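A.B. asks: Sequence:
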Amino acid sequence: IVTPTPIQIQGLPTVLQGRDMIGIAFTGSGKTLVFTLPIIMFALEQEKKLSFVKNEGPYGLCICPSRELARQTNDIIEYYCKCLADDGFPLLRNVLCIGGVSVKDQMEAIKQGVHIMVATPGRLMDMLDKKMFTLDICRYLAMDEADRMIDMGFEEDIRTIFSYFKGQRQTLLFSATMPKKIQNFARSALVKPVTINVGRAGAASLDIVQEVEYVKQEAKMVYILECLQKTPPPVLIFAEKKQDVDAIHEYLLLKGVEAVAIHGGKDQEDRTRSVNQFRNREKDVLVATDVASKGLDFPDIQHVINYDMPEDIENYVHRIGRTGRCGNRGTATTFINKGVEESILLDLKHLLREAKQKIPPFLANMQSENEKYLDIGGEVGCSYCGGLGHRIADCPKLEAIQTKQAQNIGRRDYLAHSSADY
Numbered sequence: 008i009v010t011p012t013p014i015q016i017q018g019l020p021t022v023l024q025g026r027d028m029i030g031i032a033f034t035g036s037g038k039t040l041v042f043t044l045p046i047i048m049f050a051l052e053q054e055k056k057l058s059f060v061k062n063e064g065p066y067g068l069c070i071c072p073s074r075e076l077a078r079q080t081n082d083i084i085e086y087y088c089k090c091l092a093d094d095g096f097p098l099l100r101n102v103l104c105i106g107g108v109s110v111k112d113q114m115e116a117i118k119q120g121v122h123i124m125v126a127t128p129g130r131l132m133d134m135l136d137k138k139m140f141t142l143d144i145c146r147y148l149a150m151d152e153a154d155r156m157i158d159m160g161f162e163e164d165i166r167t168i169f170s171y172f173k174g175q176r177q178t179l180l181f182s183a184t185m186p187k188k189i190q191n192f193a194r195s196a197l198v199k200p201v202t203i204n205v206g207r208a209g210a211a212s213l214d215i216v217q218e219v220e221y222v223k224q225e226a227k228m229v230y231i232l233e234c235l236q237k238t239p240p241p242v243l244i245f246a247e248k249k250q251d252v253d254a255i256h257e258y259l260l261l262k263g264v265e266a267v268a269i270h271g272g273k274d275q276e277d278r279t280r281s282v283n284q285f286r287n288r289e290k291d292v293l294v295a296t297d298v299a300s301k302g303l304d305f306p307d308i309q310h311v312i313n314y315d316m317p318e319d320i321e322n323y324v325h326r327i328g329r330t331g332r333c334g335n336r337g338t339a340t341t342f343i344n345k346g347v348e349e350s351i352l353l354d355l356k357h358l359l360r361e362a363k364q365k366i367p368p369f370l371a372n373m374q375s376e377n378e379k380y381l382d383i384g385g386e387v388g389c390s391y392c393g394g395l396g397h398r399i400a401d402c403p404k405l406e407a408i409q410t411k412q413a414q415n416i417g418r419r420d421y422l423a424h425s426s427a428d429y
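For the numbering used here, count along the sequence shown from 1 and bump the result up by 7.
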């Protein structure tokens, strides 16, 4: 590291002191090295004291929300372990535990003894539940993109994983956003953590030029081609639905654009091949659902196109964070129309204003209750989800959770009456 980033300058000394840490930084800030380098150093110290034997380990565990991010993190660890081994240090063994890959192959690696494991929550829970290995000597836990994992419904799985640790552990949590639900989770999972905040939690990188265009649904495909003319490749296109990803991909191929696509409906081998082709510049455009935005690092992305506006502002920040990384400039174009919820448009308006971006007239004319409260010193922003365009009383996320809880209570009451009747 010749010129460390702000999160690295503040985070690495904190982690090396053994403190629990919450790292809040926008994507592309270099946060991955803040938890991968210390885990390698700690594992190296353990190996020097006493060599790992078969079936022993892991000493360090990294949990990532998606297979792609887990694979990328594992590749970084593997690279530095190899560099150290080439310089005469003991060879550290690492293993990647993700779905879509043979459990048998993963178990073969674990049986040799592993120092570091990188895993997704689902596969990790499955292997721990079946007692394929233990976390008895694991002393280091890093959770990357924690906000995404909680949003994806993995909170209970992660809390269950905590129960498999036998001794004290150092816990690191990294997140691009910090809504109240993540704060509550961190409060219960970490011990007196040091919080390092590089920029406001949930803010977009100032290196990204954000453009918002009003585009009718039927005109989106044609307008994608126009947007592709704005910048050179590589370009990322995001869509909410799998069928939209497939439709965009097919349309671009018909127009002669070198494009690949990934989403959860494709098998792991196909997804990996597409990501590698895009990373190696064999393809110019990658079309994806949000599965590709969970921390995947393509350092030279010139342009991110949002075919549709995500359902919440956190996803929007994650998506556009694929460009403008490591101090480079990038462009993000987002299509919106009358089908987008007003609350998310207000959040978008406030995010654009905060990042000193041009606000289109149709957004500028919208006024939230928040802006009415500014003159009388009222609270600005939602304390639950962190959105800037609404308050907690109008939070769509909180309303959705409360509705789900009410449905669950009703279902339990129904089941209780049913069992009593029979």
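Calculated directly from the structure, the hints in this document are not laboratory data.
Since the model is a prediction, treat every value here as computed from it, not as a measurement.
Glycine residues also receive a C-beta, built at the ideal position from the N, C-alpha and C atoms.
Be careful, since some hints might not be right.
Claimed, not checked - Calculated pairs, DSS-like style, for lysine-lysine (alpha carbon to alpha carbon, straight line, at most 27 Å):
id, residue 1, residue 2
1, Lys187, Lys363
2, Lys61, Lys237
3, Lys273, Lys248
4, Lys223, Lys365
5, Lys249, Lys363
6, Lys137, Lys111
7, Lys237, Lys345
8, Lys137, Lys61
9, Lys188, Lys111
10, Lys223, Lys248
11, Lys118, Lys138
12, Lys173, Lys199
13, Lys223, Lys188
Claimed, not checked - Restraint ranges, calculated between C-beta atoms of paired labels, are given here:
id, residue 1, residue 2, range
14, Lys173, Met114, 35 to 45 Å
15, Val201, Lys89, 43 to 53 Å
16, Gly174, Val201, 13 to 23 Å
17, Thr141, Lys89, 21 to 31 Å
18, Glu225, Gln24, 50 to 60 Å
A.B. asks: Are the hints correct? Go through all of them and say.
C.D. replies: Tested hints:
1. Lys187 with Lys363: holds, 26 Å
2. Lys61 with Lys237: violated, 55 Å
3. Lys273 with Lys248: Cα-Cα ~13 Å, so holds.
4. Lys223 with Lys365: OK: Lys223 and Lys365 at ~21 Å, within 27 Å.
5. Lys249 with Lys363: violated, 33 Å
6. Lys137 with Lys111: holds, 13 Å
7. Lys237 with Lys345: Distance ~25 Å between Lys237 and Lys345 Cα, so the pair holds.
8. Lys137 with Lys61: holds, 19 Å
9. Lys188 with Lys111: violated, 36 Å
10. Lys223 with Lys248: holds, 17 Å
11. Lys118 with Lys138: Distance of about 13 Å is within 27 Å: holds.
12. Lys173 with Lys199: Roughly 19 Å between the alpha carbons, so the hint for Lys173 and Lys199 holds.
13. Lys223 with Lys188: violated, 35 Å
14. Lys173 with Met114: 35 to 45 Å: Given a distance of about 21 Å, which is not inside 35 to 45 Å, the answer is violated.
15. Val201 with Lys89: 43 to 53 Å: violated, 31 Å
16. Gly174 with Val201: 13 to 23 Å: holds, 21 Å
17. Thr141 with Lys89: 21 to 31 Å: holds, 27 Å
18. Glu225 with Gln24: 50 to 60 Å: holds, 57 Å
Hints 2, 5, 9, 13, 14 and 15, counting from the list given before, are not met by this structure.
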